[in-house]
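Chemist: Work out the full structure, taking the sequences as your base and the hints as a guide.
Chains as they are written, first to last, in the working numbering: chain A, -8 to 99; chain B, 659 to 776.
These are calculated hints, taken from the structure and not from any lab test. Since the structure is predicted, the reported quantities are computational estimates derived from the model, not experimental observations. Beta carbons are placed, not taken as given, at the ideal position from N, Cα and C, and that holds for glycine. Do not rely on the hints blindly, as some may be mistaken.
[As the list claims (entries may be wrong)] Footprint (simulated), chain B over chain A, 3 or more residues, beta carbon under 8 Å:
id	segment
1	1 to 8
2	31 to 37
3	40 to 47
4	72 to 85
[Said to hold, decoys possible] Derived BS3-like pairs: lysine-lysine, alpha-carbon spacing no greater than 27 Å straight-line:
id	chain 1	residue 1	chain 2	residue 2
5	B	710	A	36
6	A	41	B	710
7	A	33	B	710
8	B	677	A	41
9	A	36	B	671
10	A	36	A	99
11	A	33	B	677
12	A	33	A	99
Listed below, chain by chain, are the residues.
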Amino acid sequence: EIQMTQSPSTLSASVGDRVTITCRASQSISRWLAWYQQRPGKAPKLLIYKASSLQSGVPLRFSGSGSGTEFTLTISSLQPGDFAVYYCQQYNSYSPTTFGQGTRVEIK
Amino acid sequence: QVQLVQSGAEVKKPGASVKISCEASGYTFISYFLHWVRQAPGQGLEWVGTVKAGGGAANYAQRFQGRVTMTSDTSARTVFLDLNSLRSEDTAVYYCARENGGDGFDVWGQGTLVTVSS
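Modeler: Written out as structure tokens, the structure is:
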């Protein structure tokens, strides 16, 4: 099973800040990586797939990069609705697919 | 619009079974795999397994093998998750999610809270 490790676990930032979250895979997953946002009490929402493709309807301030074992999610200018938990997911294989442990973005 | 609507919250005693449903609408149901992902209180996302909506193949996370069954009813456009021998550690919100090929899980249900308590 491929292990996914996110850093940091918690990130404190202000509205307007540029923030970056890192996700590392225990082995190469090419570009089979997705990012999700989860707000309290809600289901996860797909932001990025194939490492850097923006899901329809997701604001352009979200971007993803990376390949192989190291990936990043960047929010170029943090907005109030962006304070949430973010998860990476590898789907090099969907069985099993695995998620990172999550990164909480909180208000500084 | 494309959506997945799950059944309501369940409260079960240890050792019991639970069956939750996920009804799809707004797209060609049989063309996709549906996955189940759970989230224990305050914890992260854990993959439980997947089922081909058109029927047949199901794959489960190793830790649930022998306790879980996923099925599909194509006439009802609904997939089911059946989990038996429940223990307190199974208390979680269970989500169904649509796999969009190489594009991740693009549609999620609203979640079903399963509480296991004596």
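Chemist: Does each hint hold? Answer for all of them.
Modeler: Evaluated hints:
Proximity of the segment 1 to 8 of chain A to chain B, defined as three or more residues with a beta carbon under 8 Å from a beta carbon of that chain, is not established by the 0 residues found. A count of 4 residues in the segment 31 to 37 of chain A with a Cβ less than 8 Å from any Cβ of chain B is obtained; the coverage claim is therefore met, three being the minimum. Coverage of a stretch by a chain is defined here by at least three residues with a beta carbon nearer than 8 Å to that chain's beta carbons; for the segment 40 to 47 of chain A and chain B the count is 4, and the condition holds. Counting residues of the segment 72 to 85 of chain A whose C-beta sits closer than 8 Å to any C-beta of chain B gives 4, which meets the bar of three, so the coverage hint holds.
Proposed proximity of residue 710/B and residue 36/A is supported: the alpha carbons are some 22 Å apart, at most 27 Å. Between the alpha carbons of residue 41/A and residue 710/B the distance comes to roughly 22 Å, so the proposed pair stays at or under 27 Å and holds. For the suggested pair residue 33/A and residue 710/B, the alpha carbons sit about 25 Å apart, so the restraint of at most 27 Å is met. Proximity of residue 677/B to residue 41/A is assessed by CA-CA distance (about 33 Å); at most 27 Å being required, the pair is judged violated.
For the proposed pair residue 36/A and residue 671/B, the alpha carbon gap of about 32 Å is over 27 Å, so the pair is violated. Distance hint between residue 36/A and residue 99/A is fulfilled; the C-alpha atoms sit about 24 Å from each other, no more than 27 Å. Distance check on the hinted pair: residue 33/A and residue 677/B sit about 21 Å apart at the alpha-carbon level, within 27 Å; holds. Simply put, residue 33/A and residue 99/A have alpha-carbon atoms about 23 Å apart, close enough for the 27 Å limit, and the pair holds.
In this structure, the hints that do not hold are numbers 1, 8, 9, in rising order.
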